[in-house]
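Sequence order for the protein chains is A and B.
Per the numbering used here, the first sequence runs over residues 1 to 95.
Per the numbering used here, the second sequence runs over residues 1 to 498.
No lab work stands behind these hints, which were simulated from the structure alone.
Some hints could be false.
[To be verified] SDA-like mimics (lysine to any residue), calculated; alpha carbons at most 25 Å apart, straight line: (1) A:Lys92 x B:Lys258; (2) B:Lys258 x B:Ser296; (3) A:Lys42 x A:His54; (4) B:Lys341 x A:Gln83; (5) A:Lys59 x B:Lys383; (6) A:Lys92 x B:Asp339; (7) B:Lys341 x A:Leu24.
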Amino acid sequence: MAIDKETVSYVAHLARIRLSERELDLLSRQLEDIVNFIDKLKEIDILAVKPTSHVLPIKNLFREDKPTKSLNINEVLNNAPSQRDSFFVVPKIIE
Amino acid sequence: MNLNELTAHQLLEMIRDRQVSQLDVLDSLRRRIEQVEPQIRAYVRLEGRGDILGCIDTSVDGFESSELRGIPVSIKDNICTRGYNTECCSRILQGFRPPYHATVVKKLIDAGAYVMQIKNNMDEFAFGSSTENSCFGPTRNPWDLERVVGGSSGGCAAAIAADEAVVALGSDTGGSIRQPASFCGVVGLKPTYGRVSRFGLIAFASSLDQIGPITKDVQDAALLLKIIAGYDPLDSTSVDMPVPDYTQALINDIKHIKIGVPQEYFIEGIDEQVREITLQAIEKLRQLGAQVYDISLPHTEYAVPVYYIIATAEASSNLARFDGVQYGIRSTDQNPGIDNKIIQMYKTTRGEGFGDEVKRRVILGTFALSYGYYEAYYLRAQKVRTMIREDFERAFNTVDCIVTPTSPSVAFKIGEKIQNPLQMYLSDIFTISANLAGIPAISLPCGFTDKGLPVGLQILARGFNEEMLFRVAYTYEQNTEWHLRKPEINGIPACNRS
Numbered sequence: 001m002a003i004d005k006e007t008v009s010y011v012a013h014l015a016r017i018r019l020s021e022r023e024l025d026l027l028s029r030q031l032e033d034i035v036n037f038i039d040k041l042k043e044i045d046i047l048a049v050k051p052t053s054h055v056l057p058i059k060n061l062f063r064e065d066k067p068t069k070s071l072n073i074n075e076v077l078n079n080a081p082s083q084r085d086s087f088f089v090v091p092k093i094i095e
Numbered sequence: 001m002n003l004n005e006l007t008a009h010q011l012l013e014m015i016r017d018r019q020v021s022q023l024d025v026l027d028s029l030r031r032r033i034e035q036v037e038p039q040i041r042a043y044v045r046l047e048g049r050g051d052i053l054g055c056i057d058t059s060v061d062g063f064e065s066s067e068l069r070g071i072p073v074s075i076k077d078n079i080c081t082r083g084y085n086t087e088c089c090s091r092i093l094q095g096f097r098p099p100y101h102a103t104v105v106k107k108l109i110d111a112g113a114y115v116m117q118i119k120n121n122m123d124e125f126a127f128g129s130s131t132e133n134s135c136f137g138p139t140r141n142p143w144d145l146e147r148v149v150g151g152s153s154g155g156c157a158a159a160i161a162a163d164e165a166v167v168a169l170g171s172d173t174g175g176s177i178r179q180p181a182s183f184c185g186v187v188g189l190k191p192t193y194g195r196v197s198r199f200g201l202i203a204f205a206s207s208l209d210q211i212g213p214i215t216k217d218v219q220d221a222a223l224l225l226k227i228i229a230g231y232d233p234l235d236s237t238s239v240d241m242p243v244p245d246y247t248q249a250l251i252n253d254i255k256h257i258k259i260g261v262p263q264e265y266f267i268e269g270i271d272e273q274v275r276e277i278t279l280q281a282i283e284k285l286r287q288l289g290a291q292v293y294d295i296s297l298p299h300t301e302y303a304v305p306v307y308y309i310i311a312t313a314e315a316s317s318n319l320a321r322f323d324g325v326q327y328g329i330r331s332t333d334q335n336p337g338i339d340n341k342i343i344q345m346y347k348t349t350r351g352e353g354f355g356d357e358v359k360r361r362v363i364l365g366t367f368a369l370s371y372g373y374y375e376a377y378y379l380r381a382q383k384v385r386t387m388i389r390e391d392f393e394r395a396f397n398t399v400d401c402i403v404t405p406t407s408p409s410v411a412f413k414i415g416e417k418i419q420n421p422l423q424m425y426l427s428d429i430f431t432i433s434a435n436l437a438g439i440p441a442i443s444l445p446c447g448f449t450d451k452g453l454p455v456g457l458q459i460l461a462r463g464f465n466e467e468m469l470f471r472v473a474y475t476y477e478q479n480t481e482w483h484l485r486k487p488e489i490n491g492i493p494a495c496n497r498s
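Using the sequences plus the hints, can you model the full thing?
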């Protein structure tokens, strides 16, 4: 399968990553190689096989809805590039 | 004999007998790090630190009766240590100081360990097989400074091989503990999926990641696993099963143990000396009383493509949290585009903060999950994953464990594969299946090539049967001397362990 620059550019938009022109060129070529290699999986008959999402026989584990101690808010916010009062600050969302 | 060259169990005995103190051990490590670190670079962010190791407080209650009594443990840069930088060797997490300890770190501290504040180098976000993808630059192999250490837990393996650490904790998603252990001539264990809590391990691929020990011998690996294993309410994928005393599994006897040798692991393309040395190790196991059988794991050749769909898909989702809001860096680039301001901030932050391999995998994973490709790639990969699991289930109906080379090659040259991602991916060909099947696997040294480079032997067993790995690995180790060899680093003489 051919992977063109438009596809990579669209997927990069979905993944929220800005790429330079040079990166777009390089990634299109590398992804094409990788996808062609991965296409090897198309040679197997998988019709009757169930998918494995993980190997443990567990599903939807819930804990009791009980309040527990939270992290120290200052320690948490100290890691943020921008914070005010008890909040993370982000660029304006509604223009 | 320098203390830094000893294993944890040897040091514990000496500390118990009051021949040495914990502070002597730390001093010895400090000197060794100062001596070889400029060449090896197993640790990151050492620059500008006054005292690289800090100090052990031996006066706390219960310290003298604790299990680890101040034994220093070195930690990979993706395992959270409260208050100390944990950056996954990525620009995007620069300055991140976790507000909590990973459960494994907490367990080590509770057992009396001294958790080192300086962390081990790794491929950025554990994406890689050579530690060349670190934003801090590569770690160099103690056996040959021109060669890679393997990856992604390369800093841990190098620190152990160069005696800059006593024991270390790494993480393994497709071989990231075992392959560097093999390249550096040390022991590395990936436990069963669910055996060890991953709370506080910065996630790469959640259905594959496990934390495990990298050590100088098998006994230390058992000692460490016993401490870090067990159920944790903070990780719902950890399994509520009793933790055996793994040191009891260190039995020097493998009579009547059935060992399977899969033909698919001795294919064309494998290094001739690696093949020879692995076959000699299998012959040694037979001489020690094991019964050796040829077996088949027919879907082995599909493991790499399955892995690179599933691991990248899960990674693309896990790495969405690095967006310049809660931690790490935020781009100040105000370049106007068609997006609104916050989308623009996400894109520039991630564009500047992620390295090449991270971008490549996040984009590949996003592609595999995107509309129109989900069934053709992701769902298909999950189905082939089932077939790989079933291969192992069938094999373990007839054998107790499986023995293979850990890697198809020895440590390659720095720069040799970095321009060719696909070639790099193929270096994980023998380790990936254990993660896909969720089973435990260990790598231990089994010989050296004529260039003096270590070769690793991989042993795999049924889920939650780490005891089988320890027994077979321990027996091999007790009857060989490969694990006692030490590298000579750039003219700095090596001392052989007694």
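Here is how each hint holds up against the structure:
no.	hint	verdict
1	A:Lys92 x B:Lys258	violated, 65 Å
2	B:Lys258 x B:Ser296	holds, 15 Å
3	A:Lys42 x A:His54	holds, 22 Å
4	B:Lys341 x A:Gln83	holds, 17 Å
5	A:Lys59 x B:Lys383	holds, 18 Å
6	A:Lys92 x B:Asp339	holds, 12 Å
7	B:Lys341 x A:Leu24	holds, 23 Å
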